[in-house]
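We have chain A; now place chain B onto it with these hints.
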Amino acid sequence: MMKGQQGEIARRYKAHTGRKTTYILSGIFLLFVMMVFSISIGPVDIPPLDVIQTLAGQSVSTRMDSIIWNIRLPQVLTAIVAGAGLAISGVVMQSILRNPLGSPFTLGISNAAAFGAAFSVMVLGTGATHSSVGDAVVISNPYTTTIVAFVFALLVTVIILAFSRIRGVTPEIMILVGVAMGSLFSAGTMFLQYFADDVQLASMVFWTFGDVARASWQELGLITAIVLVSIIYFTLERWKYNAIDAGDETAKGLGVNVEKVRIRGMMCASLVTAIIVAFLGVIGFVGLICPHMARRIIGDDHRFLITGSLITGSLLLLCADTAARVMLEPYQLPVAVLTSFLGAPTFIYLILGGRRI
Amino acid sequence: MILEVDGVEFQYKSKEVLKDIKFELKRNEILSILGPNGVGKTTLLKCMNAILKPNKGAIMIEEENVLKLEQIEIARRLGYVPQRCEPARLTAFDAVLLGRMPHMKWNISPEDVMIVEETIKKLSLEDLALRYIDELSGGELQKVGIARAIAQNPKLLLLDEPTSSLDLKNQLEILETVREVVRNEDVSAIITMHDLNLAFRYSDKFLFLKHGTIFAAGSMGEITPQVIEEVYGVPVTIQNYQNVPVVIPV
Numbered sequence: 001m002m003k004g005q006q007g008e009i010a011r012r013y014k015a016h017t018g019r020k021t022t023y024i025l026s027g028i029f030l031l032f033v034m035m036v037f038s039i040s041i042g043p044v045d046i047p048p049l050d051v052i053q054t055l056a057g058q059s060v061s062t063r064m065d066s067i068i069w070n071i072r073l074p075q076v077l078t079a080i081v082a083g084a085g086l087a088i089s090g091v092v093m094q095s096i097l098r099n100p101l102g103s104p105f106t107l108g109i110s111n112a113a114a115f116g117a118a119f120s121v122m123v124l125g126t127g128a129t130h131s132s133v134g135d136a137v138v139i140s141n142p143y144t145t146t147i148v149a150f151v152f153a154l155l156v157t158v159i160i161l162a163f164s165r166i167r168g169v170t171p172e173i174m175i176l177v178g179v180a181m182g183s184l185f186s187a188g189t190m191f192l193q194y195f196a197d198d199v200q201l202a203s204m205v206f207w208t209f210g211d212v213a214r215a216s217w218q219e220l221g222l223i224t225a226i227v228l229v230s231i232i233y234f235t236l237e238r239w240k241y242n243a244i245d246a247g248d249e250t251a252k253g254l255g256v257n258v259e260k261v262r263i264r265g266m267m268c269a270s271l272v273t274a275i276i277v278a279f280l281g282v283i284g285f286v287g288l289i290c291p292h293m294a295r296r297i298i299g300d301d302h303r304f305l306i307t308g309s310l311i312t313g314s315l316l317l318l319c320a321d322t323a324a325r326v327m328l329e330p331y332q333l334p335v336a337v338l339t340s341f342l343g344a345p346t347f348i349y350l351i352l353g354g355r356r357i
Numbered sequence: 001m002i003l004e005v006d007g008v009e010f011q012y013k014s015k016e017v018l019k020d021i022k023f024e025l026k027r028n029e030i031l032s033i034l035g036p037n038g039v040g041k042t043t044l045l046k047c048m049n050a051i052l053k054p055n056k057g058a059i060m061i062e063e064e065n066v067l068k069l070e071q072i073e074i075a076r077r078l079g080y081v082p083q084r085c086e087p088a089r090l091t092a093f094d095a096v097l098l099g100r101m102p103h104m105k106w107n108i109s110p111e112d113v114m115i116v117e118e119t120i121k122k123l124s125l126e127d128l129a130l131r132y133i134d135e136l137s138g139g140e141l142q143k144v145g146i147a148r149a150i151a152q153n154p155k156l157l158l159l160d161e162p163t164s165s166l167d168l169k170n171q172l173e174i175l176e177t178v179r180e181v182v183r184n185e186d187v188s189a190i191i192t193m194h195d196l197n198l199a200f201r202y203s204d205k206f207l208f209l210k211h212g213t214i215f216a217a218g219s220m221g222e223i224t225p226q227v228i229e230e231v232y233g234v235p236v237t238i239q240n241y242q243n244v245p246v247v248i249p250v
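Going down the list, the protein sequences come from chains A and B.
The working numbering puts the first residue of the first sequence at 1, with every later residue one more than the last.
The working numbering puts the first residue of the second sequence at 1, with every later residue one more than the last.
Treat the hints with care, since some could be wrong.
Claimed, not checked - No farther apart than 30 Å at their CA atoms in a straight line, the calculated lysine-lysine pairs in the DSS-like style are these:
| hint | chain 1 | residue 1 | chain 2 | residue 2 |
| --- | --- | --- | --- | --- |
| 1 | B | 105 | B | 169 |
| 2 | B | 56 | A | 14 |
| 3 | A | 260 | B | 56 |
| 4 | B | 22 | A | 20 |
| 5 | B | 68 | A | 260 |
| 6 | B | 122 | B | 155 |
| 7 | B | 68 | B | 22 |
| 8 | B | 169 | A | 260 |
As the list claims (entries may be wrong) - The calculated label-pair distances, taken between Cβ atoms and stated as ranges, are:
| hint | chain 1 | residue 1 | chain 2 | residue 2 | range |
| --- | --- | --- | --- | --- | --- |
| 9 | A | 229 | B | 126 | 39 to 45 Å |
| 10 | A | 229 | B | 130 | 48 to 54 Å |
| 11 | B | 58 | A | 344 | 55 to 61 Å |
| 12 | B | 65 | A | 344 | 53 to 59 Å |
| 13 | B | 11 | A | 351 | 18 to 24 Å |
| 14 | B | 126 | A | 264 | 37 to 43 Å |
| 15 | A | 166 | B | 11 | 53 to 59 Å |
| 16 | A | 344 | B | 105 | 41 to 47 Å |
| 17 | B | 62 | A | 236 | 29 to 35 Å |
| 18 | B | 215 | A | 296 | 23 to 29 Å |
| 19 | B | 131 | A | 100 | 18 to 24 Å |
Simulated from the structure, these hints should not be mistaken for laboratory data.
Positions of the beta carbon are idealized from the N, C-alpha and C atoms, including for glycine.
Okay, chain A solo, but in the shape it has when bound (with noise of 0.2 Å):
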């Protein structure tokens, strides 16, 4: 070996993951830029520079405070946490679960979170008609239809896990367990409608339209605490995750306890999909498309991976988010509308543009 040959290997491997991080530092500039924008259009329209003195304390105007603190600030925050969430709950469900269609929503929780929701409607009598509409955003969370949303959605997590005790840690029974959870989720759902009146079947229905308009500031920060818990322990187990997808048997010669892995990735992630749909509703896509589009840009290395989904959830669900909010003005879409309308094709994209998904 020539000298001044030495270390030139590490030297373009550092040049090849400093290309990453400038992506993921782009990245956060231009959800920085998107934030500005979506918060400065609306109904009444602010001037960016405005919003970024708001935000950076100093006061506009009362009506602009109002506007940008009460109002905007935390859809706009809660599309970021919520986008962030289940795009990182997606990308290590498709990594634990070795299947590209891995996400939280495969593995039925966002069925059993709408199951939960009906029933709470229907039998307990919690309905209440959101109203969404216009500048007089009215959030009215009705607590209890949250919390047995949730909890149904942690119910199928449990099984999933007793079933994975009994049968083995492996990603398929994971996955077919998952699956008919959801199936018979969805059919109570349907059974509970049949029978439900118009109230109770409006309730029903227009708590499964994921919006992210509902969250106070309150919910925001219980959303918020649970998602940086998991983004920390997600980034704890990186390493183990890149392990995991190259073999299972690879994974435990390198000393990976790959069934520990997959059990509590999977509680991480669907305890922060729980919280998510439960308090705003199920939003589809996201977990599964977001991860998909970063790998194209950064790779299968979770290392940059977990931040490069994060914010590309983030970046998807607040555009998505915008432009629910004004492209049929004066009337606002739920956001899940949209996702769900971006997702198929995005995918199809994604699969058409070449690359094993």
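Relative to the frame of chain A, chain B by itself:
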């Protein structure tokens, strides 16, 4: 002795797969595990690093019983290369870097990067280093898997049929690489194999399994055509061609 295996038994759902396995291996030696399909070669290999837990017996590596160690401690002593490595959107460098996991704390150190670079050079994988492993050929992917195990800095390498899906050139290259590493580093290797001729060419010791136990073991001198006929049920003759023993079915 770097490795002493004594009285290893393994049952799968009360079915006895391996019994009374006992052998030893010296430093810088390669041992081939041979035998018909389904006899338990891979099972034995997986018992060696406790991916499967033997019901009985001891596996001593430098006086330490592997079966009593934590998984991470085992990974610091034994490098395992499964038959198939899953491709992912990782560079070969990333994949080899995974081999440093058992030695890592929170993140990679400059030393880890240095070891990976050395390993890549040792195996002449410089051209692959920054290519994504989901774009590599089967032979290249296998080499990356071996590089990962070597980066683990183990005392013993375990290779599960490393040549089974490779063409002739790659088969020779892989085994040549393993032999070089075993000769030059402080490491031994156990390889499961189907190809007797490759086994004879590249290993120092042989272990023939039949009905879940050792039928014959030793160096080339102790392997007779009768042993092979008993194990595989095929009559053979062993000829020497330029000092390389060649098995020919008759």
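Here is what the structure says about each hint:
1. Distance check on the hinted pair: residue 105 (chain B) and residue 169 (chain B) sit about 39 Å apart at the alpha-carbon level, beyond 30 Å; violated.
2. About 47 Å separates the Cα atoms of residue 56 (chain B) and residue 14 (chain A), which puts this hinted pair outside 30 Å; it is violated.
3. For the hint linking residue 260 (chain A) to residue 56 (chain B), the alpha-carbon distance of about 25 Å falls within 30 Å, and the restraint holds.
4. Our distance criterion of 30 Å between C-alpha atoms is broken by residue 22 (chain B) and residue 20 (chain A), whose separation comes to about 50 Å.
5. About 19 Å separates the Cα atoms of residue 68 (chain B) and residue 260 (chain A), which keeps this hinted pair within 30 Å; it holds.
6. Taking the CA atoms of residue 122 (chain B) and residue 155 (chain B), the gap is near 17 Å; set against the 30 Å cutoff, the hint holds.
7. Annotation: proposed proximity of residue 68 (chain B) to residue 22 (chain B) holds, straight-line Cα distance about 18 Å (limit 30 Å).
8. For a cut-off of 30 Å, the pair hint linking residue 169 (chain B) to residue 260 (chain A) is broken: about 40 Å separates their Cα positions.
9. At roughly 42 Å, the beta-carbon separation of residue 229 (chain A) and residue 126 (chain B) lies within the given 39 to 45 Å, and the hint holds.
10. Range check, residue 229 (chain A) to residue 130 (chain B): Cβ separation about 35 Å, and the 48 to 54 Å hint is violated.
11. For the hinted restraint 55 to 61 Å between residue 58 (chain B) and residue 344 (chain A), the CB-CB distance of approximately 57 Å keeps it satisfied.
12. One distance hint, 53 to 59 Å for the beta-carbon pair residue 65 (chain B) and residue 344 (chain A), holds here, with the actual separation near 56 Å.
13. The hinted range of 18 to 24 Å is not satisfied by residue 11 (chain B) and residue 351 (chain A), whose Cβ atoms lie roughly 45 Å apart.
14. Range check, residue 126 (chain B) to residue 264 (chain A): Cβ separation about 38 Å, and the 37 to 43 Å hint holds.
15. Checked against the given bound of 53 to 59 Å, the beta carbons of residue 166 (chain A) and residue 11 (chain B), roughly 20 Å apart, lie outside it.
16. Between residue 344 (chain A) and residue 105 (chain B) the Cβ separation comes to about 44 Å, which falls inside the hinted range of 41 to 47 Å.
17. For residue 62 (chain B) paired with residue 236 (chain A), a C-beta distance near 32 Å keeps the hint of 29 to 35 Å intact.
18. Taking 23 to 29 Å as the suggested C-beta distance range, the pair residue 215 (chain B) and residue 296 (chain A) does not conform, at roughly 52 Å.
19. Restraint check, residue 131 (chain B) to residue 100 (chain A): a C-beta distance of roughly 22 Å satisfies the suggested window 18 to 24 Å.
Against the hints set out earlier in the document, violations occur for numbers 1, 2, 4, 8, 10, 13, 15 and 18.
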